[in-house]
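J.: Chains as they are written, first to last, in my numbering: chain C, 1 to 190; chain B, 1 to 187.
To be clear, the hints were calculated from the coordinates, so they are not data collected in a lab. Cβ coordinates follow ideal geometry from the N, Cα and C atoms, glycine included. Among these hints, one or two may not hold up.
[To be verified] Chain B regions said to be covered by chain C (calculated; three or more residues, Cβ under 8 Å):
1. 82-88
2. 125-134
[As the list claims (entries may be wrong)] Simulated restraints, written as ranges between beta carbons of each label pair:
3. B/L6 with C/A26: 50 to 56 Å
4. C/A80 with B/F129: 28 to 34 Å
5. C/S39 with B/E11: 47 to 53 Å
6. C/I25 with B/V121: 45 to 51 Å
7. B/Y171 with C/L23: 23 to 29 Å
8. C/F55 with B/L6: 55 to 61 Å
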Amino acid sequence: MNTLINRIARRLGIRGLDLDTNLTIADRDRMLRLSALPSVAITLLFVGLVMDIFFNTRTFDLQHLPDKWPTRIDNASSDAATLLSTIGTAVLFIGGASRVSRQLASWAAVFAGALLITATACAGFVIFTDLDTSAYSASSYDRFYSVTWEQLAEVAGISAIGYAFLAYRGLSGSHQPGSRIAERRRRDAA
Amino acid sequence: MPPNRLDTLIERLHRLAPLFGIRRFDFHLSIEERDRLIALSLLPATAVVLVIVAFLSTELGPHSGRLNLTVDWSGRVLSAAYYGSQALTLAATASVFFAALGRVPRTVGSWAAVAACALAVVSFASAAFVVFVALDSSDIFGGVVRYNARVWEQLAYVTGHLAIGYAFLAYRGLSAPAPRRSYGRRR
Numbered sequence: 001m002n003t004l005i006n007r008i009a010r011r012l013g014i015r016g017l018d019l020d021t022n023l024t025i026a027d028r029d030r031m032l033r034l035s036a037l038p039s040v041a042i043t044l045l046f047v048g049l050v051m052d053i054f055f056n057t058r059t060f061d062l063q064h065l066p067d068k069w070p071t072r073i074d075n076a077s078s079d080a081a082t083l084l085s086t087i088g089t090a091v092l093f094i095g096g097a098s099r100v101s102r103q104l105a106s107w108a109a110v111f112a113g114a115l116l117i118t119a120t121a122c123a124g125f126v127i128f129t130d131l132d133t134s135a136y137s138a139s140s141y142d143r144f145y146s147v148t149w150e151q152l153a154e155v156a157g158i159s160a161i162g163y164a165f166l167a168y169r170g171l172s173g174s175h176q177p178g179s180r181i182a183e184r185r186r187r188d189a190a
Numbered sequence: 001m002p003p004n005r006l007d008t009l010i011e012r013l014h015r016l017a018p019l020f021g022i023r024r025f026d027f028h029l030s031i032e033e034r035d036r037l038i039a040l041s042l043l044p045a046t047a048v049v050l051v052i053v054a055f056l057s058t059e060l061g062p063h064s065g066r067l068n069l070t071v072d073w074s075g076r077v078l079s080a081a082y083y084g085s086q087a088l089t090l091a092a093t094a095s096v097f098f099a100a101l102g103r104v105p106r107t108v109g110s111w112a113a114v115a116a117c118a119l120a121v122v123s124f125a126s127a128a129f130v131v132f133v134a135l136d137s138s139d140i141f142g143g144v145v146r147y148n149a150r151v152w153e154q155l156a157y158v159t160g161h162l163a164i165g166y167a168f169l170a171y172r173g174l175s176a177p178a179p180r181r182s183y184g185r186r187r
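With the rest of the complex left out, here is chain C:
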């Protein structure tokens, strides 16, 4: 798997991925802390999805708008997911302000790539679902699939931006031993 990821990264012009070395405990804990908000956002999306599957909360009947607790939980979790993913990206940017190790950056690049593929696939699904006539009827408008995939695309897309920045901070080369900036820092510290 690592070989495949390295080959794809080399094809994309991304150099210096290090997925073979294990993360240190400090790096692992830092990654878990930084990923907390994006994970909560994605979990909340699934809470909304479960509400719809069991209580049919996202079928908009134009005559009878639902106002039950499952609908309120669905709305709250969806809105919270959108907001938390934005804050999560801000946290990832702040996390990238300090020094990022190459191993942490490599995993961040993998996460960014996976989230980017997910977001693009979901956006494509939104377009095809909205063009589909079976989602529409005379009295109700069932954008169930479209709404779900659209939110997932937004959350995955904005999280991918944050992880890509984190990856850039570690892979940009200023921390490599022997680079001019690293040499100057070492001289200044001495």
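Since the structure of chain C is provided, determine the placement of chain B on it from the hints.
T.: Relative to chain C, chain B alone:
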């Protein structure tokens, strides 16, 4: 030989760049760099095209000026383009960020800076238009701003996010060290 339009544009950009504190532009793309720029702009271009389709279907479609959720083709195209652009914008921005992880040549960075400026201007103009429509009482019915304004708002959203992505790409390209000049052999 008279300069062609591209040369004139490049000359103007060279003159404008120092006004924004940007120096050392290089707009002469090689074929590989041009292909790379096209490849990384595929998703952003799709998002912009979807907004334009949404705009055209609200302005020219049979249900001009309102969100139409019916089975007919114009309603479906409008819905797909509007919500598709909404869903694709952040993925497109993320793709530009991801493309900036590798080495970015100065030429690609220079064109990315131009794209970022253009997108920011479009975004600002669209946002200003939305503000004026919101202030105009004739464009509001039942407390809701007309759907045309929503499409302008969407255009501002899409171009604004993409401008962030291209600005990051420009930063990566223009902050790279310039190739060393050869001053000939020292005596």
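J.: If a hint holds in the structure, say so; if it does not, say that too.
T.: Each hint, compared with the structure:
Chain C is given as covering the region 82-88 of chain B, and this holds because 5 residues of the stretch bring a CB closer than 8 Å to a CB of that chain, at least three being needed. Note: the region 125-134 of chain B has 0 residues with beta-carbon separation from chain C under 8 Å; the three-residue rule is not met and the coverage is violated. Between B/L6 and C/A26 the Cβ separation comes to about 52 Å, which falls inside the hinted range of 50 to 56 Å. Separation of C/A80 from B/F129 is about 31 Å and conforms to the stated range, judged on CB atoms against 28 to 34 Å.
A hinted range of 47 to 53 Å holds for the C-beta pair C/S39 and B/E11, which are about 51 Å apart. For the pair C/I25 and B/V121, the supplied restraint of 45 to 51 Å holds, since their beta-carbon distance comes to about 48 Å. The hinted range of 23 to 29 Å is satisfied by B/Y171 and C/L23, whose Cβ atoms lie roughly 28 Å apart. Look at C/F55 against B/L6: about 59 Å separates their beta carbons, and that is inside 55 to 61 Å.
Checked against the numbered hints above, the structure breaks only hint 2 and satisfies the rest.
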